[in-house]
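Participant: Here's the letter readout for the chains.
There are 4 protein chains.
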Amino acid sequence: MIPRYSRPEMTAIWSPETKFRIWFEIEAHACNALAEIGVIPESAAKTIWEKGSAATFDVDRIDEIEAVTKHDVIAFLTHLAEIVGPDARFVHQGMTSSDVLDTCFNVQLVRASDLLLADLDKLLEALKRRAFEHKDTITIGRSHGIHAEPTTFGIKLAQAYAEFARCRDRLVAAREEIATCAISGAVGTFANIDPRVEEHVAEAMGLKPEPVSTQVIPRDRHAMYFATLGVIASSVERLSVEIRHLQRTEVLEAEEYFSPGQKGSSAMPHKRNPVLTENLTGLARMVRGYALPAMENVALWHERDISHSSVERMIGPDATVTLDFALARLTGVIDKLLVYPEHMMNNLNKFRGLVHSQRVLLALTQAGVSREDAYRLVQRNAMKVWEQGKDFQEELLADEEVRAALSEEIIREKFDLGYHTKHADTIFRRVFGEA
Amino acid sequence: MIPRYSRPEMTAIWSPETKFRIWFEIEAHACNALAEIGVIPESAAKTIWEKGSAATFDVDRIDEIEAVTKHDVIAFLTHLAEIVGPDARFVHQGMTSSDVLDTCFNVQLVRASDLLLADLDKLLEALKRRAFEHKDTITIGRSHGIHAEPTTFGIKLAQAYAEFARCRDRLVAAREEIATCAISGAVGTFANIDPRVEEHVAEAMGLKPEPVSTQVIPRDRHAMYFATLGVIASSVERLSVEIRHLQRTEVLEAEEYFSPGQKGSSAMPHKRNPVLTENLTGLARMVRGYALPAMENVALWHERDISHSSVERMIGPDATVTLDFALARLTGVIDKLLVYPEHMMNNLNKFRGLVHSQRVLLALTQAGVSREDAYRLVQRNAMKVWEQGKDFQEELLADEEVRAALSEEIIREKFDLGYHTKHADTIFRRVFGEA
Amino acid sequence: MIPRYSRPEMTAIWSPETKFRIWFEIEAHACNALAEIGVIPESAAKTIWEKGSAATFDVDRIDEIEAVTKHDVIAFLTHLAEIVGPDARFVHQGMTSSDVLDTCFNVQLVRASDLLLADLDKLLEALKRRAFEHKDTITIGRSHGIHAEPTTFGIKLAQAYAEFARCRDRLVAAREEIATCAISGAVGTFANIDPRVEEHVAEAMGLKPEPVSTQVIPRDRHAMYFATLGVIASSVERLSVEIRHLQRTEVLEAEEYFSPGQKGSSAMPHKRNPVLTENLTGLARMVRGYALPAMENVALWHERDISHSSVERMIGPDATVTLDFALARLTGVIDKLLVYPEHMMNNLNKFRGLVHSQRVLLALTQAGVSREDAYRLVQRNAMKVWEQGKDFQEELLADEEVRAALSEEIIREKFDLGYHTKHADTIFRRVFGEA
Amino acid sequence: MIPRYSRPEMTAIWSPETKFRIWFEIEAHACNALAEIGVIPESAAKTIWEKGSAATFDVDRIDEIEAVTKHDVIAFLTHLAEIVGPDARFVHQGMTSSDVLDTCFNVQLVRASDLLLADLDKLLEALKRRAFEHKDTITIGRSHGIHAEPTTFGIKLAQAYAEFARCRDRLVAAREEIATCAISGAVGTFANIDPRVEEHVAEAMGLKPEPVSTQVIPRDRHAMYFATLGVIASSVERLSVEIRHLQRTEVLEAEEYFSPGQKGSSAMPHKRNPVLTENLTGLARMVRGYALPAMENVALWHERDISHSSVERMIGPDATVTLDFALARLTGVIDKLLVYPEHMMNNLNKFRGLVHSQRVLLALTQAGVSREDAYRLVQRNAMKVWEQGKDFQEELLADEEVRAALSEEIIREKFDLGYHTKHADTIFRRVFGEA
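Top to bottom, those sequences are chains A, B, C and D. Heads up, the first sequence is in the UniProt record's numbering, so the first residue is 1 and it goes up one at a time. Heads up, the second sequence is in the UniProt record's numbering, so the first residue is 1 and it goes up one at a time. Heads up, the third sequence is in the UniProt record's numbering, so the first residue is 1 and it goes up one at a time. Heads up, the fourth sequence is in the UniProt record's numbering, so the first residue is 1 and it goes up one at a time.
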């Protein structure tokens with residue numbers, strides 16, 4: 001996470017201010033529950049809420065205390081006591097630091113998920129809009145980087161839409177995974193804290209109680225979360241790579257937006273580089289890389305060790321901030337992508353009609369020509385296109401042996417691009433529920 | 001995937017025989033659909049099914065053909081034609097190799113998932129049985145590898161149960177992810193094949209049609225699948241590490257099963273090594289490692305490139321076979337785990353009662369002793385335990401200043417282990433729905 | 001490691017036969033040393049060598065014994081005793097299984113390294129030959145996939161040569177890292193075995209004694225080894241991606257070899273897919289992926305645990321066999337690469353002379369035109385090329401304002417491609433020591 | 001990289017101030033070379049050096065310009081022009097941004113390496129000191145976490161020393177790898193810049209010229225660099241895990257330093273957690289994780305794409321700052337590690353003499369007892385120790401059948417711990433060159 005690739009709303013989730021505010025809310029909600037079950041006075045809970053809500057937590061002051069106590073939660077509680085006064089002694093009763101830390105981390109991840117879901121919604125919206133815009137924009141489909149058969153640019157974008165819709169579903173599931181709360185005390189036995197406190201705090205914070213925490217919330221949840229972000233990042237990479245390919249000088253079927261007044265290389269108008277999608281390719285590598293330490297975090301020793309903590313202090317912000325930035329950048333790219341249907345058609349016609357050779361071959365065999373002869377006929381005309389730059393349709397029409405089997409009308413019909421795109425609507429209905 | 005860490009049922013899913021049988025089924029179901037919509041004769045579809053079903057595909061013969069054609073699907077179709085006769089010309093009409101390959105791979109992954117789900121069920125069953133057996137077996141909970149507060153061995157296993165139950169849910173979702181079928185022809189446009197064929201084959205093979213395939217089924221699905229296996233493997237590691245710790249010479253609270261007649265090191269009865277769980281730790285590293293190439297596979301070029309193929313030929317079998325073996329091995333370990341409650345109690349009492357110091361401290365403050373004095377009182381008695389091996393309870397009872405605040409009854413009550421385990425039932429009800 | 005991506009010589013290193021032969025050599029050399037220092041009779045050492053050398057170890061028989069003893073080294077020693085007779089009791093004296101296993105693994109890795117070094121030598125040879133062949137073959141250099149300035153195809157290959165020469169150096173270092181031998185007994189203290197035995201075996205097997213083994217050879221060595229293979233694989237990917245790009249339909253500056261008689265898609269002569277380099281891209285992902293479990297293997301518990309073993313049984317063969325195959329395949333690709341200088345020139349001229357705009361700009365400013373005016377002049381002519389397909393040189397020659405500053409001769413000189421390639425020799429001398 | 005796990009000297013390498021200073025130096029040295037070969041006036045080069053050296057680059061001002069130009073190097077050059085005046089037009093002649101950026105990144109990595117090497121030297125020093133201090137401190141060696149045979153704590157540390165000495169060698173090699181300079185212009189052809197400029201700048205900056213750069217310095221160098229950091233981090237993890245194990249409540253053979261006055265859990269003196277080494281375990285996971293995106297960075301498209309850049313902006317600081325912090329923290333841990341030889345001896349004697357059973361077994365067979373009988377004799381006495389807590393030596397001395405084969409003197413001699421540690425000096429000489 002570096003400022004260059006960060007957006008303020010996501011960054012704010014990981015600020016000390018936000019963290020301390022969440023800590024306060026957890027503690028204060030716990031006080032409410034403790035008061036309700038009669039462990040602490042109602043008045044104390046009330047005072048804690050009132051004074052804490054009104055206060056601004058002083059990060060520098062807390063750091064100052066932590067420098068002495070070497071313990072972040074104790075430092076915060078000490079500062080809170082400075083604010084709340086004597087009733088502060090009722091705060092954190094029967095709880096451990098992990099109750100606060102782990103629940104807070106999950107709150108942060110839930111909030112991060114919500115921003116990421118909103119990011120995905122915007123991306124999906126942009127993809128849908130552009131997909132419909134280009135539902136019938138014919139372009140060559142490529143396998144192995146080699147021209148294969150025609151498709152439409154809208155189908156390409158519909159594929160991306162379907163992929164990111166899956167990413168959205170995965171993120172919803174991942175959010176669900178980490179939306180848990182633990183207020184279970186040392187080694188998670190509830191010896192010193194009533195399970196009803198956990199239930200109350202969970203509900204108040206929009207979480208579910210963790211069925212068994214062992215002082216810590218189990219890290220398989222977080223592993224799944226960060227693995228999910230890694231998969232989403234991989235989809236960001238896929239679409240970015242597609243655009244980088246389309247923008248290649250020799251292809252130039254689409255380009256990242258370039259404002260009319262913008263000066264790329266003023267002398268070289270072709271020098272418009274797909275730097276945004278290249279950047280996204282690199283960011284995807286980073287987000288993917290964070291999945292691994294998250295998986296290694298699962299095997300904590302016994303009820304807990306703290307090796308996960310340093311990892312999470314880094315990947316918590318790094319993965320969410322970077323992916324948030326990436327999704328927003330990708331949305332911008334799609335939203336304003338310059339699309340060149342004419343270039344698409346030029347590229348498709350690079351081998352003057354050869355893209356239809358399979359259909360002609362099939363037509364010949366259907367007309368009763370043997371498989372071997374059909375191949376021979378198609379190939380000898382195809383080679384004239386390939387080697388001498390002739391037009392495939394014209395060559396076929398001029399080939400008597402071909403014409404003996406196929407009428408001009410049938411030959412011309414085999415060059416109909418609509419044949420390839422006739423199911424664009426089917427595909428759109430599958431993806432968008434409409435076409 | 002190596003024989004040493006493989007089980008036959010999972011290995012069989014990845015055999016050439018199974019693969020060719022699935023290929024045949026895909027092709028034959030497609031013929032049915034093609035016949036139904038009138039593209040090929042009904043009789044041909046019937047012949048194909050009959051002759052293909054009766055035949056055994058000759059793997060060596062197919063390899064022989066592939067050595068010439070350099071193409072595995074063509075080799076198979078050639079061999080199928082040898083079996084079916086002239087009607088074979090109706091097979092594979094309008095399809096591409098990827099239709100067969102990708103759908104087959106997903107069928108294999110679905111079947112692998114079903115075995116893995118069964119593995120998880122057995123593991124969950126073993127964990128549940130042992131958890132209830134030890135619901136009240138008191139053991140020390142440890143944070144940072146250091147004694148913290150008492151818990152029960154059953155709670156430890158309940159945690160593992162809850163974790164693997166989550167793994168099961170994740171695998172169900174991952175199975176859902178890859179249960180798709182594509183019969184969409186070159187670049188996925190259905191130009192040469194009716195979408196109804198795909199729908200028919202999908203249903204027949206227990207899959208759903210892929211909304212947009214682009215000749216290939218999009219690899220974000222597979223990335224999610226292998227990432228999920230990686231997370232499950234990480235949970236295997238966690239439980240394995242727990243057992244390795246418990247079996248340490250100095251801890252010895254549990255041991256991998258060792259038959260009475262078995263000769264470890266015959267001369268050194270203590271030399272019973274947790275080799276199964278060590279082995280599982282290594283296998284977890286492998287399964288986790290396969291998640292990365294799976295994620296890198298997502299960004300294929302344009303409609304498809306074939307870089308994913310070599311990766312999947314390896315990780316398909318490697319990840320599923322290894323995880324299947326690991327889950328089964330772990331189930332065996334849990335099922336027969338030797339548990340030593342007496343050692344657990346001995347360890348818990350290593351610092352003769354010190355584990356209860358927090359409760360005594362609290363009792364003192366609740367009895368009106370100032371926080372500072374309470375600390376001082378507890379600490380001076382704790383140090384006698386720590387440094388001179390005294391018994392904490394006895395020291396407290398003999399300390400007049402302590403006794404001025406707390407009665408013998410209250411002091412003794414603070415050493416009640418039941419205090420720590422009173423919520424075992426709560427936790428069990430959360431995890432198992434019963435206690 | 002699967003047969004499809006394996007070559008016999010590397011595979012043979014990992015066969016049970018090879019392994020048992022190495023185990024025998026380690027044991028027999030140790031016997032020699034033990035005899036020399038008087039621990040066992042010279043005659044016994046002699047008998048062991050003679051009978052063992054003459055024998056073929058029966059893998060099935062050893063497996064059969066292992067099925068009972070559950071220990072591979074004991075199974076082997078039992079079988080060896082069947083061959084050697086009573087003197088077998090002098091084998092393995094004071095040694096542990098790890099002495100045999102770890103030393104053998106390093107012998108295998110050393111042998112694998114030697115094959116990989118030979119692979120790299122062949123690749124370097126092919127790269128050098130093709131680089132010199134195309135030292136002056138002009139092609140467009142691309143940044144961001146966009147045309148930048150001219151370079152030569154030979155310089156591209158010289159870069160690859162330099163990169164693989166670095167890979168070779170790294171592999172030499174990695175080979176050095178793992179060329180160690182441990183015969184140090186339980187926990188590596190030499191309590192039961194004289195260090196001279198280790199020195200003797202090390203020398204006999206072409207290794208160095210491990211300074212401190214702790215029963216196992218420390219796994220940081222292996223981590224470094226597999227990380228190095230991962231870096232080499234990444235370079236394989238780089239060159240493969242380059243070729244995949246060059247073979248794109250729209251670029252077509254080079255192609256994987258395609259024999260004149262070979263039938264790609266017979267009807268579509270352009271459908272010649274870069275399947276070998278796509279395959280290499282996937283294999284690179286696999287080899288890279290093995291680096292991670294190797295790194296996780298480093299942190300064994302105390303003097304040793306056996307979690308590394310399952311990992312190494314897999315990645316030992318998997319990484320070396322796959323990289324061997326990949327390097328050989330890449331060498332074949334380079335060796336027979338079809339290079340199309342004419343297409344390179346066509347692509348370079350796609351924007352009829354625009355590639356020289358920077359030089360014209362510079363010439364204008366050097367001729368006293370202000371920076372702003374120079375830009376304006378270049379840009380207005382560049383736009384005619386870009387938008388109307390005019391020829392840049394002709395437009396400049398026809399632009400009076402330009403001609404006021406630059407003579408025809410100077411303008412023409414700025415379109416000299418030799419300007420860009422004048423340092424090809426400098427670069428070649430740096431890389432190859434000759435030009 | 002977060003402040004909590006950062007040290008100022010390493011952080012400073014990655015500050016904007018440092019970066020701009022290095023950029024300036026690269027540009028100014030290039031001017032010197034350009035002046036020397038007559039491309040720009042000597043006086044200009046002099047002015048540039050003088051004004052630039054005297055100036056403080058204003059990071060905010062540069063950011064302000066970049067906000068407009070969207071290009072960091074141009075923003076810097078613009079600001080430099082503000083400082084230098086008209087002669088600034090001679091700066092950067094014939095160069096590309098990558099010349100500055102890539103050379104600067106390598107300068108930063110070289111400087112980071114120098115700090116890391118100094119870190120390793122301090123760690124090695126601490127390890128050596130503590131190793132010699134404990135050369136003869138007997139402790140139990142453990143395989144699989146189970147007691148095996150005695151070793152010394154010094155040998156454990158000697159192993160760590162040898163491992164980090166290897167890490168040092170690897171880092172020296174990795175530093176060498178990335179100590180290169182490229183001043184080669186667009187696509188690296190030296191078309192607009194004389195190779196002598198590169199040679200001059202390289203020497204001035206303590207680098208070597210990159211043999212073939214293609215606008216960018218090839219990223220296999222960086223992949224190797226970050227992979228090396230990952231391996232070093234794995235060794236940090238190994239030693240950290242060792243200490244975490246030793247500090248376990250049940251083992252307690254060593255502890256992270258805890259000052260006499262320090263308050264852990266004041267009431268629970270045993271609650272001294274190995275939080276530093278747990279933290280290091282997590283940091284190791286992070287540094288290891290950065291190796292992967294670095295390897296994925298290798299396969300840039302054609303002469304360059306910019307996908308590596310976002311990765312490096314993150315992992316450049318993240319990996320070096322984190323590893324620097326980790327090495328320093330580990331050095332502190334080792335330096336002040338509390339070692340408890342008495343606990344080591346207690347643990348070793350946990351099974352009262354059983355650790356010597358192998359030697360007794362051997363002695364019996366050497367005394368002519370059959371292998372089977374020897375086993376039986378040892379085992380029946382061993383079981384008394386294991387099951388009834390008897391003393392192994394006493395039992396053997398009281399066993400008539402044993403005594404029939406072995407004298408009391410011989411039996412007692414077999415319990416000599418010195419037998420196991422007699423080669424400590426050999427090992428120390430191998431590792432340290434002295435004992």
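Keep in mind the hints are simulated off the structure, nothing from the lab. Check the hints yourself; a few may be wrong.
The list treats identical chains as interchangeable, and a pair is accepted whether it falls inside one copy or across any two copies.
[Claimed, not checked] Straight-line distance between alpha carbons at most 27 Å, and here's what the computed DSS-like set of lysine-lysine pairs gives:
| id | residue 1 | residue 2 |
| --- | --- | --- |
| 1 | Lys70 | Lys271 |
| 2 | Lys70 | Lys51 |
| 3 | Lys350 | Lys46 |
| 4 | Lys122 | Lys70 |
| 5 | Lys70 | Lys390 |
| 6 | Lys350 | Lys271 |
| 7 | Lys135 | Lys46 |
| 8 | Lys350 | Lys128 |
| 9 | Lys350 | Lys390 |
Participant: If a hint holds in the structure, say so; if it does not, say that too.
Facilitator: Hint check:
1. Taking the closest pair of Cα atoms, Lys70 and Lys271 come within 27 Å of each other only across two copies (15 Å); inside a single copy the shortest separation is 55 Å, beyond that limit.
2. Proximity of Lys70 and Lys51 under a CA criterion of 27 Å is satisfied intra-copy only: 26 Å inside one chain copy versus 47 Å between copies.
3. In the homo-oligomer, the alpha carbons of Lys350 and Lys46 never lie at most 27 Å apart, since the shortest distance is 76 Å inside one protomer and 43 Å across protomers.
4. In this assembly of identical chains, the alpha carbons of Lys122 and Lys70 lie at most 27 Å apart only when taken from different copies (25 Å versus 43 Å within one copy).
5. Proximity of Lys70 to Lys390 under the C-alpha cut-off of 27 Å is found in neither arrangement, the shortest distances being 80 Å within a copy and 31 Å between copies.
6. For the homomeric pair Lys350 and Lys271, the shortest alpha-carbon distances inside one copy (23 Å) and between copies (13 Å) are both at most 27 Å.
7. Proximity of Lys135 and Lys46 under a CA criterion of 27 Å is satisfied in neither setting, with 60 Å inside one chain copy and 39 Å between copies.
8. Taking CA atoms no more than 27 Å apart as the test, Lys350 paired with Lys128 passes in neither setting, with 29 Å inside one copy and 34 Å between copies.
9. In this homomeric assembly, Lys350 and Lys390 come within 27 Å of each other (Cα to Cα) both inside a single copy, at 11 Å, and across copies, at 20 Å.
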